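Residues in the sequence shown are numbered consecutively from 1, following full-length UniProt numbering.
If you're looking for bench data, these hints aren't it; they were derived computationally from the structure. Careful, some of the hints might be misleading.
[To be verified] DSBU-like cross-link-like pairs, simulated, lysine-lysine; straight-line CA separation at most 30 angstroms:
hint: 1; residue 1: 140; residue 2: 153
hint: 2; residue 1: 663; residue 2: 538
hint: 3; residue 1: 500; residue 2: 480
[Said to hold, decoys possible] Just the calculated beta-carbon pair ranges, DEER-fashion:
hint: 4; residue 1: 458; residue 2: 688; range: 18 to 26 angstroms
hint: 5; residue 1: 126; residue 2: 193; range: 21 to 29 angstroms
hint: 6; residue 1: 630; residue 2: 357; range: 44 to 52 angstroms
hint: 7; residue 1: 630; residue 2: 405; range: 28 to 36 angstroms
hint: 8; residue 1: 504; residue 2: 729; range: 30 to 38 angstroms
Just so we're clear, the structure is a prediction, and the values are computed from it rather than from any experiment. C-beta: ideal position from N, C-alpha, C; glycine also.
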Amino acid sequence: MNITLETSEDDFEPHFRDRKIHDELYKKARRETKTQFEIKRNALSVLVPHIIRRRGTSIKKQEGDGDNSRPAAQPEIFLSPWITLDGRNLLNHLHQTAEDLKFITSSSGYLLYIVDDITNEIFICSKSLAEITGRRFTWKITGKSTIAAYVAKENRSVIVTDAKYTVEKEFPDGQDLGDFSAGDILAIPVRKKDICVAVIELTRNNGIPYTKVEQNHASYIANLAGRVIARNRKIIQKRKSEEVNDMLIDEMLRGMTENLDERDAFASYIVNSARKTLDAESVTFYQVHEESDEYERKITSDYNPVLYLDASKKKARIEKEKRLSTIIKNSKTVVNFTDVFNDPRFNKDTDRYVGMLIRSVLGVAVPKEKDACYGAIVAINKLAHEKFSSSDESYIAAFARYLMIFLEYQKMYDKQQYSETSNLSFVHFGMSLIARRYEHPEMYVLEETIYLPPDFYKFNFVPNDPDEKEIPKYIYHIFKSVNKYFPDKDAIYKFIFAVKKVYRKLPYHNFTTAFLACHCIYLIIYYYPSRFPSTLEKTALLMAGLLFDADHRGLSAKYMEAVGDPIMNHAYTTPMEMHHYRVSKILIKATKILEHIPEEKIPRFFRIFKECVLSSNMEFYIRRRVDVRVWIKTNTLDWNNQVHRTGIRTIIITASGFISPVKGLEYCQSVIEGIFDELFHEGDLLREMGIQPPATMDREIKNSSIISETTFLSHFTLPCFEMLRDLFPMTEILHKNT
1 MNITLETSED
11 DFEPHFRDRK
21 IHDELYKKAR
31 RETKTQFEIK
41 RNALSVLVPH
51 IIRRRGTSIK
61 KQEGDGDNSR
71 PAAQPEIFLS
81 PWITLDGRNL
91 LNHLHQTAED
101 LKFITSSSGY
111 LLYIVDDITN
121 EIFICSKSLA
131 EITGRRFTWK
141 ITGKSTIAAY
151 VAKENRSVIV
161 TDAKYTVEKE
171 FPDGQDLGDF
181 SAGDILAIPV
191 RKKDICVAVI
201 ELTRNNGIPY
211 TKVEQNHASY
221 IANLAGRVIA
231 RNRKIIQKRK
241 SEEVNDMLID
251 EMLRGMTENL
261 DERDAFASYI
271 VNSARKTLDA
281 ESVTFYQVHE
291 ESDEYERKIT
301 SDYNPVLYLD
311 ASKKKARIEK
321 EKRLSTIIKN
331 SKTVVNFTDV
341 FNDPRFNKDT
351 DRYVGMLIRS
361 VLGVAVPKEK
371 DACYGAIVAI
381 NKLAHEKFSS
391 SDESYIAAFA
401 RYLMIFLEYQ
411 KMYDKQQYSE
421 TSNLSFVHFG
431 MSLIARRYEH
441 PEMYVLEETI
451 YLPPDFYKFN
461 FVPNDPDEKE
471 IPKYIYHIFK
481 SVNKYFPDKD
491 AIYKFIFAVK
501 KVYRKLPYHN
511 FTTAFLACHC
521 IYLIIYYYPS
531 RFPSTLEKTA
541 LLMAGLLFDA
551 DHRGLSAKYM
561 EAVGDPIMNH
571 AYTTPMEMHH
581 YRVSKILIKA
591 TKILEHIPEE
601 KIPRFFRIFK
611 ECVLSSNMEF
621 YIRRRVDVRV
631 WIKTNTLDWN
641 NQVHRTGIRT
651 IIITASGFIS
661 PVKGLEYCQS
671 VIEGIFDELF
681 HEGDLLREMG
691 IQPPATMDRE
701 IKNSSIISET
711 TFLSHFTLPC
721 FEMLRDLFPM
731 TEILHKNT
């Protein structure tokens with residue numbers, strides 16, 4: 001036998017833990033030229049430990065000379081186990097290690113094999129790394145098919161002398177590619193703990209066999225490289241899990257606060273994100289029908305090839321997927337089918353008829369209370385490999401957990417909606433009575449009676465209308481001039497007077513303040529019409545500006561929560577803004593102001609309207625202003641991107657809410673007095689309850705209140721108008737006034 005197996009690690013490892021191994025290797029390297037030595041020393045950089053960066057820290061551009069400098073790779077969710085977080089490719093380092101071993105052992109050449117633990121194969125990795133994306137030669141890791149496959153299976157290094165004779169006798173598949181031969185071979189596994197991740201195969205043609213010392217040296221170096229790879233995979237696994245969890249948490253919270261009315265938005269996000277994360281052909285959520293306890297195909301991922309089948313084939317395929325989902329649901333755990341086509345439980349004829357094979361399937365039940373299930377998430381056909389990995393199992397379980405949480409919350413929300421709808425039916429009746437009083441406002445029969453002041457089209461405009469008799473005309477003009485959906489003048493006035501009635505007689509949160517917010521939005525639309533091509537969006541923005549403080553009590557959310565006001569519904573993260581939205585929605589429906597808008601466009605209107613009303617909450621503004629500021633500074637703002645438009649609308653709504661105190665010094669003084677009147681009134685109520693009011697609400701220390709208001713203007717109002725000015729330069733006057 002001409003094969004020498006590696007000695008057990010206990011025999012040689014302690015000796016090579018000493019620094020002497022490096023001295024011995026470098027002594028040999030120094031016999032060569034200085035240039036060769038520098039190359040080999042650089043190749044050993046794979047032994048340098050990773051630098052672990054803290055999550056959330058930006059990675060700055062690496063310094064370099066001229067065009068050689070490059071930005072470090074920014075880690076994303078879908079990370080490669082062969083790429084470190086700072087952008088280094090470990091496959092290149094493996095090649096450097098192999099080159100170093102080739103130099104140390106005076107070998108004539110080497111081959112690097114990568115182990116695919118999912119398909120249980122090895123394949124050659126060239127220096128160009130081309131075979132990683134489309135590999136051509138693979139060998140199953142079974143028995144003694146090839147030397148490298150044997151080493152990967154046994155996870156031990158071997159020395160093969162007289163390779164031509166030994167290969168023909170011991171390894172039936174030959175010496176791998178079969179297009180060259182070597183006299184002697186040293187094959188070393190690169191280990192990740194007890195698992196082989198790669199094989200380095202060194203070759204000689206000078207007739208000098210490899211020695212035991214060379215075998216031990218090479219094994220030690222390869223083991224160090226394996227530890228680096230193991231550590232990186234662990235870091236990547238943890239990072240990817242964290243990224244998936246962060247992504248799902250953010251989307252779930254956004255769905256809970258903004259998209260609960262869109263029933264399937266979060267489930268659709270789940271299946272599409274799962275498809276990308278799992279690298280699957282398709283991912284589908286099968287939901288259990290509550291009455292029949294049967295599965296219905298609820299949501300499927302985009303680009304699912306089943307969607308493009310004809311009706312009969314699609315039905316057959318879906319029935320097979322339903323049988324799979326039933327097994328997954330009953331298992332109550334993650335189920336990983338590696339070969340469905342050859343599984344006797346499933347009919348092959350379906351795949352033959354449809355013309356699409358179901359090979360690998362990964363699924364998990366979405367649990368419910370009392371051992372019930374909402375349904376199952378089913379991933380079909382891993383694209384890059386034949387089967388899903390254990391990491392994929394943990395990812396799909398995470399997707400199922402977050403979907404379960406969201407569905408539970410949605411069920412609670414539905415119960416709350418039913419209760420509130422019953423209670424608000426009386427409010428709806430009251431709104432109808434209000435609207436009915438203004439069905440025929442005779443005083444506004446002629447449009448010619450509307451007189452617009454000369455400064456109406458200036459951002460500094462303030463109506464001289466203490467009795468609020470002219471403001472309804474101004475609002476009528478605004479809506480009539482931008483909206484083709486409002487042909488009926490009486491319907492518009494009916495809506496306007498209902499809005500006026502909804503606002504209470506308060507020093508600040510009143511009908512005049514609402515008009516100023518609407519007027520600010522109107523001027524932005526008026527001066528920048530190309531930025532707002534959608535009439536539906538303009539209508540939603542203007543109505544939101546008019547109504548985002550509807551039925552405001554002049555009291556803070558904290559006070560209303562302290563006294564147990566019923567509008568402070570804890571099912572919402574922004575209960576005050578949700579109250580404004582719900583009252584506004586009832587008013588809009590009661591006045592039938594939208595009856596001329598096509599029915600299919602109504603849901604989109606309310607989606608934008610709701611988003612705008614909720615954007616008046618400071619938390620939404622603080623969260624979104626960071627993104628908007630980055631888009632502006634990096635010149636990456638895309639007006640056609642819906643995510644970017646959401647951020648822009650948030651800035652517009654927030655700025656319109658700040659508009660009153662920046663209308664000029666004279667008006668600003670009266671506005672600030674109105675703000676303090678409301679604050680001090682709340683402070684008085686707190687004092688009556690035996691609670692010491694905060695400094696901003698204590699009329700006994702007014703100086704503190706003024707300082708607090710100034711701080712608010714500096715930290716919130718001024719930055720908001722800076723961004724508004726960058727988006728719409730004609731609003732410069734508002735920034736100067738601030």
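Going through the hints against the structure:
Restraint check for residue 140 and residue 153: satisfied, since their Cα atoms lie roughly 10 angstroms apart, inside the 30 angstroms limit. Straight-line distance between C-alpha atoms of residue 663 and residue 538 comes to about 23 angstroms, which keeps the hinted pair within the 30 angstroms bound. Note on residue 500 and residue 480: the hinted pairing holds, with a Cα-Cα distance of about 18 angstroms set against a maximum of 30 angstroms. Roughly 44 angstroms separates the CB atoms of residue 458 and residue 688, a value that falls outside the hinted 18 to 26 angstroms.
Between residue 126 and residue 193 the C-beta distance comes to about 27 angstroms, which sits within the given range of 21 to 29 angstroms. At about 45 angstroms, the CB distance of residue 630 to residue 357 agrees with the hint of 44 to 52 angstroms. For residue 630 paired with residue 405, a C-beta distance near 30 angstroms keeps the hint of 28 to 36 angstroms intact. In this structure, residue 504 and residue 729 meet the distance hint of 30 to 38 angstroms, their C-beta atoms being roughly 36 angstroms apart.
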